[in-house]
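Sequence order for the protein chains is Z and E.
So in this note's numbering, spot 111 of the first sequence is number 94, and the numbers just go up one at a time.
Count along the second sequence from 1, then add 118; that gives the number in this note's numbering.
There could be a bad hint or two in this list.
Stated by the list, open to error - Using 20 Å as the maximum straight-line C-alpha spacing, the simulated SDA-like pairs for lysine to any residue come out as follows:
| id | chain 1 | residue 1 | chain 2 | residue 2 |
| --- | --- | --- | --- | --- |
| 1 | E | K283 | Z | L42 |
| 2 | Z | K49 | E | Y285 |
| 3 | E | K164 | E | L177 |
As the list claims (entries may be wrong) - Covered by chain E, according to a simulated footprint, are these stretches of chain Z (three or more residues, beta-carbon under 8 Å):
| id | stretch |
| --- | --- |
| 4 | 37 to 43 |
| 5 | 102 to 115 |
| 6 | 192 to 206 |
| 7 | 220 to 231 |
Rather than coming from a laboratory, the hints here were simulated on the basis of the structure.
Every residue, glycine too, gets a C-beta built ideally from N, C-alpha and C.
Each chain, written out:
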Amino acid sequence: MIRRISNKDWSTVLSLTGSIIYYFGFTMLIPFLTGLILREINASFDFLIGFLACFLVGLLLKNIFKEPKEAEWIHGMSATALSWIIAMFLAAIPYYLSGYFLSYLDACFDTMSGFTTTGLAIIQNIDHIPISLNLWRHMLTFMGGQGIIVIALVFLPPSGLGFKALVGEGKEERLIPSVRETGRAIWLISLIYLFIGAIFYLFAGIYDGMSPLRSLFHGVCVFMTSWSTGGFAPQSQNTIYYHSFPIEIISMLFMILGSMNFGLHYYVWFKKDKKEVLRDIESKTFIVTLSLTWILLTYGLIRDGIYTNFLPLIRRGLFILVSGHTGTGSMTIYATQFVNQWGDIGLIAVMLAMAFGGYSASTAGGFKAIRTGIVFKAIIADVKKYFLPRSGVTVEKFHHLQDAILNEKIVKSAALIILLYIVMHTVGAIVGVINGIPFIQALFESISAGANVGLSCGVTAASMANSLKVTYIINMFLGRLEFIAVFVFILFIFRSIFRKA
Amino acid sequence: MTKKIFSFCVIIVFILLLQLMYGIKAEESFLKVSTLINNPTKYNGKIVKFMGEVIGEPLGRGNNRWINILDNEGNAIGVWLSEDFIKDINYYGKYNIQGDIVEVEGIFHSICKEHGGDTDIHANTFKILEKGHLIKEQIKIQKIYIILLEGVFIIIVLIFFRIKKYYESLSK
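Let's have the full structure, built from the sequences with the hints guiding it.
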């Protein structure tokens, strides 16, 4: 029997949500100070308004509702989903006040796109926006990639609720026994890479003719977008703006690193076990799916005479494929070129890559390599059964950070999530078709939003229907939290309304 | 009288024709990025005329460099041109800077073999039509009111919770 939801349950959820929003608000002080230093006064005011709004909401929720000592999974999961929704509305305040969005819905769209590391953007006139606002766009992807719960966990007092919220955010790997230390480890890993990445991009930018300061700003932004598999870029042309092969190569490297499981990074950095990367089922699956989609894409592009030379195949073909597979969404071609030039095989290859996605417990979206790997292994195991003697029994194993036995529960769970993704992509495509978009384009954009990729074939624009914007916001949200936390929260609300049922 | 009406009609038709011709010419003269990208077979390898704002900064090294030009539909394209042209550019569009409005005539490449499949224009001629300028930021006073209002509200909330905590501790 499903438990009933009492006022105490709501109190627990709202109290934790308040703490998360409270700490999240402080991140707006970074663009606020940046704006002050660069004399972008209006933008600074926007961030101050946003910060004070978060502070106020967090303060009220934290103080009105008290967190009880015993917290359950439904509290953690519901708090995660609710925090993401409230954080979207609050983080959209500086966006909307900036005047670069046509409506508050558009501001929410870009905020959710940033948080979920999707990268679809409908902001206007990117090439003329304040630096502090541009920084905020990329910070959103960086913070969203690590998870806003992870931000709060660093500051929150240790409690069982933290881990329950963390799992709701898709970061189920507990790197260290302490949840707070896990949050800190995730941030430490990301900040180490930020430092390394910023230096890489700084030199690449200077080599490309940029001034050191501009190069540093672009470097930090592009690193954040690549590592977080976000897809935003400081300029409207995205990666095309740089016309630089070195920047594209560095981006591909960080996109792949960003799409890898934080647990694997932890093994490499802190346990000095580099071989773990190749032992893991996720790496093996990722290499296989990337290779297969790359072969399909190359075949399509060569067959249709799009790119017949090696360099364009790497700089456009492979870059887009890696960008799609890792869930980044950075682009080296124009959105409409997908439809006008790449042809059906190209589109299908990219759609498959986007749907597969990156590693679990990473910043990437999609099915996740572990689920694809597990389902594939289960199919092989099922086929193998027919070749066994009558009394024969096999035990299938897989390696993901440690050896594990492939049992029915694991397979069912992986297959269920994959099924939910397929349903979500289909629903998104249907809404697109209802809005007059051709099916293949509607499906492409739906997968891109739901798998948190951000590649666009030209559908996403400020002019698209509000129903489509709302659908994509929901898809991005569901895809990022991998359904369960959102479904738990929906049931939580439902059980609160119908308490007697 | 008939002669006058006839002359009048001829003049009107002439003006209309001129306008029509000018319209066609103008349309053909300056192409948009979207037109070029959406019609690759029509424009690939052809000489095109393009007008827009120079944004960002010059990129690349050597005698030829890159600039990016933004058209009035909000789409930008890379233009590969001689360093000599770049020297004439006064402003590159950024926040609070309106970049120079320039006219470029050159060969459009839908998939440029020289630049790894880039979609670009190799400029033959380059002309600055309008010099860019700095834009002074206008501070919006309403935002200060909102900040003050939020600040006052936060102080009230903080005082309220402090008093509440005080009475709770007394009752304990």
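Worksheet item: Where does the structure disagree with the numbered hints, that is, which hint numbers, in rising order?
Response: As far as the earlier hints go, only 3 is violated by this structure.
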